Amino acid sequence: MEKNNSYTKAFEELQQIVTEIERGEISVDELSEKVKRATELIKICKAKLTTTEEDVNTILKELEG
5 MEKNNSYTKA FEELQQIVTE IERGEISVDE LSEKVKRATE LIKICKAKLT
55 TTEEDVNTIL KELEG
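Residue numbering for the sequence shown follows our numbering, starting at 5 and increasing by one per position.
Since the hints were made in silico from the structure, they are not lab data. There could be a bad hint or two in this list.
Dumping the calculated DSS-like pairs for lysine-lysine here, alpha-carbon to alpha-carbon at most 25 Å [unchecked claim]:
#1 K65 - K50
#2 K65 - K13
#3 K40 - K13
Estimated spans, in silico, between C-beta atoms of each pair [stated by the list, open to error]:
#4 N61 - D33: 43 to 49 Å
#5 G28 - I63: 15 to 21 Å
#6 I63 - D33: 44 to 50 Å
#7 E66 - I30: 45 to 51 Å
#8 E26 - T56: 34 to 40 Å
It should be emphasised that the depicted structure is a prediction, and the values quoted were computed from it without experimental measurement. The beta carbon of each residue, even a glycine, is placed where N, CA and C say it ideally should be.
Based on the sequences and whatever the hints tell you, model everything.
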């Protein structure tokens, strides 16, 4: 459950950053830090999705076998 929550929290934070950027709520001074943070969040989400895909593929192979 904790890993799922970390994905959900990362995704929600990423959405918030995107919204702030779209609305122009981020100053130029903050933009660099927000982009760096967004990059970290994307890596977290991508890693979780990759792991989940591998887990599902393993389960499907076991069911076929």
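Open item on the list: Taking the earlier hints as the rules, which of them does this structure contradict?
Closed with: 2, 5, 8
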